[in-house]
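Place chain B on chain A using the hints.
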Amino acid sequence: MSEPLSDLEVLKQVANGDKGGLETLYSRHSDRTFKFLLRLTANRSAAEDLTHDVFLEIWKNAKRFEGRSSVATWILSIARYKALDSRRKQRTLTEHDLPARAEPSPEITAMQVSSSDTMRECLTALSEEHREIIDLVYYHERSVKEVSEILDIPEATVKTRMFYARKKLKEMLLALGDEKDVFSYGK
Amino acid sequence: MSSATGNKGGPKRMSEEELLAPWFVTGKLDEAEARELEAIAKEDPEFAALLAEAKRERQATGVVNEGLGKPSPAVWERLERSIEQESRDGARAQRAGFFEGIKTALAGFFSGLTTPQWQAIAAAVVAICVVQAGAIAYLAQDGHPAKYGTASGPSAGAATKRAFIVSFSQTATMADINALLDGAGVSIVEGPNADMLYHLGLRNENAEARDAAYKKLRASSAVKLVLPEK
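Listed in order, the protein sequences are those of chains A and B.
If you count by my numbering, then the first sequence holds residues 1 to 187, one letter each, in order.
If you count by my numbering, then the second sequence holds residues 1001 to 1230, one letter each, in order.
Just chain A, with the same shape it has in the complex (with noise of 0.2 Å):
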C-alpha cells in the first residue's frame, strides 16, 4: 500500500486545481482549525463560517504557499487571520477592548457546569491572549518558533506569554479554591 500524500504535497493538487486535494486537505484538518476558531470566537456559527472561509482561501491562495512554514501552521495562521479581521469587521470587538472572557457559548458553558476539573473550567475561562497560546502550545502541538509564525510575534514574546498564561492558570486555580489541584502537580 502506497503513503499517503504529506501535506505539501496534497496542497499542491490544491494549487493545480484538484479539488480532491482540497477535500483531503480538509478531512485532515477541519476539525482542529473549526476548534481553534470556536476557542477565539466562542460561537459554533461564526466559527464554522470561519472555517469555510479558510478553506475557501486556501483554494484560492494554495499557489502562494512559499513552505516556509507547515502546512498545519499556514492553515492556522489563516484562520486566526480571519478571525480577526472579521471582528474587526463587525466592529462589536476590537482587540482592546475584549473582555478578560468571552461569552462563552452553550457547548462551553454545558462543558463547564459538567466538567468536575477545575482545570479544564479555567482552561476555559482564560483571556483570550492566553487561551490562544496554551492551545497552540498544547492541543495544535505548534513549536515556538510555528507559534511565533501563526500569531506574529518574537519567539521570545512566546515563551513569555506561555508562561504568564501558565502562571494566571494557576492563579485561577488558587482563587477557585482547588488547592488540591495546584498542590499535587506531579505528585
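Check the hints yourself; a few may be wrong.
As the list claims (entries may be wrong) - Stretch-level coverage of chain B by chain A, calculated; a stretch enters the list once three of its residues show a Cβ under 8 Å from a Cβ in chain A:
1. 1017–1023
2. 1049–1060
3. 1069–1082
Claimed, not checked - Not everything, but these chain B residues come out facing chain A in the computed CB check (under 8 Å):
4. Met1014
5. Thr1026
6. Lys1028
7. Val1063
8. Val1064
9. Asn1065
10. Glu1086
The hints are simulated quantities; they were obtained by calculation from the structure and are not laboratory data.
In this text, a Cβ means the ideal position worked out from N, Cα and C, and glycines have one as well.
Quick look at chain B alone, frame taken from chain A:
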C-alpha cells in the same frame, strides 16, 4: 545543580528551562534541549514536578478542545458550492479579459491607420467583392461544375466550414494575407466581425490539411492570433 525553577520563597524568576517546559511535554524541542531538560528533571524534583504540571495542563487542554465537537457537514457542502462559483467566476473573467485584449489590439490597429492605409483597405475590399462577383457569375453559368460557392450561401462548398478564427497583424498587407491564405489552403468564410476577427475555412477538409494550415497560420507574421474552431 541549582534549581531550574528559581529561588524557593523568593520572587519567581523565569529560567529558560521553565519557559521551555510546555514544549518539552509536547515533544517540540530539539534533541539537545530535550536532553538537557530531562537531565535537569532527574536531578531537580521541583523541575520534575513542573514538567508533570505541564503534562496535566496539556491533557486538560486536550479534553477541553476535544469536547468542542466538529464542524457540521454543511460547511463542506457550502465550500463545494463556493468553489464551483469561484471556478465559474474565474472562467468568465478570463474570457472577458481575452476579448478585451483583442478589442484593445484591434482598436489600436485601426486608430494607427493613416488615410492612405484606409484607402488601400477600401480598395482591397472592393477588389475582393469584384473578384468574388465575377467568380460567382462564372460558376453560375451552365456547364461549369460548382467549384466554389459563397460562404453564406445555402450550397456552400468545401471551404465554407469554419476551421479557424484569426486576427491579422497590424503590419500585414492585403498581399501578405492573400498569399498566406492561398499557401495555407484556406479562405475567409466570414468576417470581419465587430472585433475584427475572421473565420477561415479549409479548401480541403481533412485532418492533414487542417494541421498543415494551422501550422502555416501560426508561423506567419501576418497573423496575430489563430484559434482552431470546433
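Do the hints match the structure? See the list:
1. Counting residues of the region 1017–1023 of chain B whose beta-carbon sits less than 8 Å from any beta-carbon of chain A gives 5, enough to reach three: the coverage restraint holds.
2. By the rule of at least three residues with a Cβ nearer than 8 Å to a Cβ of chain A, the coverage given for the region 1049–1060 of chain B holds, with 10 such residues.
3. By the rule of at least three residues with a Cβ nearer than 8 Å to a Cβ of chain A, the coverage given for the region 1069–1082 of chain B holds, with 11 such residues.
4. For Met1014/B, the suggested interface contact is upheld, since its CB lies about 6 Å from the closest CB of chain A, less than 8 Å.
5. Interface hint status for Thr1026/B: upheld, as the beta-carbon distance to the closest one in chain A is roughly 5 Å, under 8 Å.
6. A hinted interface residue such as Lys1028/B counts as satisfied when its beta carbon comes closer than 8 Å to some beta carbon of chain A; here the least separation is about 4 Å, so the hint holds.
7. Hint on Val1063/B holds. Least Cβ distance to chain A is approximately 6 Å, under the 8 Å limit.
8. Residue-level restraint check for Val1064/B holds (minimum Cβ-Cβ distance to chain A is 5 Å; threshold 8 Å).
9. Look at Asn1065/B: its Cβ gets to within about 5 Å of chain A, closer than 8 Å, so that hint holds up.
10. A cut of 8 Å between beta carbons decides the hint on Glu1086/B: the least distance to chain A is about 7 Å, and the hint holds.
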